[in-house]
Every structure is written in C-alpha cells, then in structure tokens.
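Enquirer: Heads up: the protein sequence lines correspond to chains A and B, in order.
With the first letter of the first sequence counted as 1, position 145 gets the number 144 in the numbering used here; the numbers rise by one all the way through.
Counting the second sequence from 1 gives a position; the numbering used here is that position plus 99.
Treat the hints as calculated values from the structure; they're not laboratory data.
Even for Gly, the Cβ is constructed at its ideal location relative to N, Cα and C.
Just to be clear, a hint being listed does not mean it is correct.
Between beta-carbon pairs, the in silico distance windows are [what the hints assert, rightly or not]:
{"id": "1", "chain 1": "A", "residue 1": "Ser94", "chain 2": "B", "residue 2": "Val173", "range": "47 to 53 Å"}
{"id": "2", "chain 1": "A", "residue 1": "Arg169", "chain 2": "B", "residue 2": "Ser144", "range": "26 to 32 Å"}
{"id": "3", "chain 1": "B", "residue 1": "Ile133", "chain 2": "A", "residue 2": "Val42", "range": "23 to 29 Å"}
{"id": "4", "chain 1": "A", "residue 1": "Trp165", "chain 2": "B", "residue 2": "Pro171", "range": "52 to 58 Å"}
{"id": "5", "chain 1": "A", "residue 1": "Asn225", "chain 2": "B", "residue 2": "Asn128", "range": "40 to 46 Å"}
{"id": "6", "chain 1": "B", "residue 1": "Asn128", "chain 2": "A", "residue 2": "Val42", "range": "31 to 37 Å"}
{"id": "7", "chain 1": "B", "residue 1": "Ile141", "chain 2": "A", "residue 2": "Val42", "range": "17 to 23 Å"}
{"id": "8", "chain 1": "B", "residue 1": "Asp158", "chain 2": "A", "residue 2": "Leu1", "range": "54 to 60 Å"}
{"id": "9", "chain 1": "B", "residue 1": "Asp158", "chain 2": "A", "residue 2": "Lys57", "range": "50 to 56 Å"}
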Amino acid sequence: MLPEANWITRAPSLRRKAALLAKVQDEAGHGLYLYSAAETLGVSRDEMYEQLHTGKAKYSSIFNYPTLTWADIGAIGWLVDGAAIMNQVPLCRASYGPYARAMVRICKEESFHQRQGFEIMLTLSRGTPEQKRLAQDALNRWWWPTLMMFGPKDDDSPNSAQSMRWKIKRFSNDELRQKFVDITADQAAFLGLTIPDDHLSLDPGTGHYRIGDIDWNEFKEVLGGNGPCNRQRLEDRKKAWDEGVWVREAAAAHAQKKQAGKMQAA
Amino acid sequence: MDHKHVGSLHAADPAMALENARDVYTRRNEGVSIWVVESKYIHASDPGEADSLFDPASDKIYRHPTFYNLPPEVKNI
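Bound conformation, chain A alone:
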C-alpha cells in the first residue's frame, strides 16, 4: 500500500489513477483478511498492531523499497504482484482453513493487480525513448528485491521445514523462485526490456533459466530494519494509528450513545 499510494496523486491519467486507487484499496483488504486469519489463532488485532509498530512483527522485505518514478508502479504490479501470485496460489490449499480461504480471495484480486502493472510497462516500453528508459530503470531496481521475496535459498531457510511438515507451505522457496523467473523472463523479452542479470540464461537441457547470485546480505539488512525505507514505513504506520485515535474513540462513543438511547426507549 505505502509504496504505491505514493503515486496516487501523480498518476498520469484518470484511468491510471482509478486503477491504482482500486489496487491500493484491495491491498488494504488483503491486510484485513490476513489479520482476521491470524486472529483465529488467539491473538488480538491490537496485539498485532503493537507488534507491527514496535518492529516485533516481520513483513515482506519488498515493502521497504522506494517508488522513485511512475514506472515503479508498473514494475511493482508486474513483478511484485507476480511473485506474490506465484507464492499465494499454492497457499490456497494450505492446511489451515482460515489462511487458505483468505488466500483464495486474495488470489482472485491479485490477477487484476499484475495485469494493471504489466499494462503500464507495456505502454511505457512502447512509448517515447524516455518512457522506455523509465521502464527499464524501474525493472533494474525492482528485479532483485522481487527475487528476494521468495525468501532465502532452501538450504538457508530455517522456517521452511516446519511449514512444509504442517502442509502450510507446499512448494519450496527455490522452486517458486525458479517458476517465477522462467515465466517473467519471457514477459520481459516481450516488453523489449533487459533483466538486470548478466548470468541470466536459458539452460536448453532443463528448460529453466539460470540466474546470477542474489545478494543475501542486502536481504538480511532489509529484514533487519536497515533497508531504504524501513524507518519511514513504520513511522507512516504509527502516524496513521496515532492520528486515527480520535476516529476510533468517536466511533465507539457514538455506538455506545446509540445503544444507551435504545435501552432508554425500550
């Protein structure tokens, strides 16, 4: 939400603005579904917000990167939502009902997100040389962070074993990452853009793309709170929470007043 909301006021057309607004609204809904699913495990919404605001709760690494140009919105929709879809479709059959059902709803909405992003990249890459340059630059900055969304290499993933044993996670990080690269490399070729990986090459034997080394140090730093936007993201969240206190209090007071009024009338 936060990286993309940054460009709502500067979308280049009404159509783009309406689409981006709808996407950001969807993302808010996705947060709701996941918090609701987590609540079934016995933790309260307030507790989870507290964990988020104090930095105790982790969230996807990808949200800690900045959106520097309009083209970033295209790159995010195409790559980030694309990676999310890759991860989330199998989760629709995870063993935990509330989580799986949340994923079903999320996946239905994600495909509009990815197509919206790809359409932006298509328009830019077929536009003026400057527009194409913008699209290429956005791809250059979002490619590797997107690959990191799939998590550490299987050998280095401490949480995977338990999640797979419990049938929550059904495919490994590397499997999903490979599938994403194979699909997206073709899409990049169609756009006439170059993926920023000198080692990217199709292995004719396996039919899969080989990729270069991911900078796991960057991943560690971003997860540890030292990415480009970690501090700002958390500050924005806390500000929204603090500035919304009066709204929550007013809503609760109004509800109580109405309830008391009803009791009196009865």
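Given the structure of chain A, go ahead and fit chain B onto it with the hints provided.
Expert: Relative to the frame of chain A, chain B by itself:
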C-alpha cells in the same frame, strides 16, 4: 440464493459493520444482501463430533424418494 460466509471484520456497531462489509467484501458485485453477526453470537458444532452428530441420518434411506418403487405407468409422482 443463500447468504454465505465470506469473512470477518472489526467495527464499532452494526451500521459500520455493514458499511465495512460492503467496502471490503462486495467490491466486484459479489452480493446483493449482507448479514453481519457479532462473532460472540455464533455457535458451532464440534468438528471432532461430526461423525456421531450426523450419523443418524446415514441409515434412514426411507427419507429419500428413490426408496419408493412405484409402477412406471404412474405419471407425475
């Protein structure tokens, strides 16, 4: 058409709950009517007891129309 469960949300009162449900769960014309119920008023059967709870119906095949063999000449029944 039946009302089916689509999810949960937080709200201060029923009116807000209906509006929030409309905003979150009917973004693509998924429904023409919304019911909201406070979760404290929902009572559920125990999935662990499902077998014994629903078992009694399994051997009462005479509840089904197919149990009754009528001559084929009889129409509209």
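Enquirer: Taking the hints in turn, state whether each one holds.
Expert: Hint-by-hint comparison with the structure:
1. A:Ser94 x B:Val173: 47 to 53 Å: holds, 51 Å
2. A:Arg169 x B:Ser144: 26 to 32 Å: Cβ of A:Arg169 to Cβ of B:Ser144: about 29 Å, so the range 26 to 32 Å holds.
3. B:Ile133 x A:Val42: 23 to 29 Å: Because 27 Å falls inside the window, the suggested range holds.
4. A:Trp165 x B:Pro171: 52 to 58 Å: Between A:Trp165 and B:Pro171, where Cβ atoms are some 55 Å apart, the hint holds.
5. A:Asn225 x B:Asn128: 40 to 46 Å: holds, 44 Å
6. B:Asn128 x A:Val42: 31 to 37 Å: holds, 33 Å
7. B:Ile141 x A:Val42: 17 to 23 Å: holds, 19 Å
8. B:Asp158 x A:Leu1: 54 to 60 Å: holds, 59 Å
9. B:Asp158 x A:Lys57: 50 to 56 Å: holds, 52 Å
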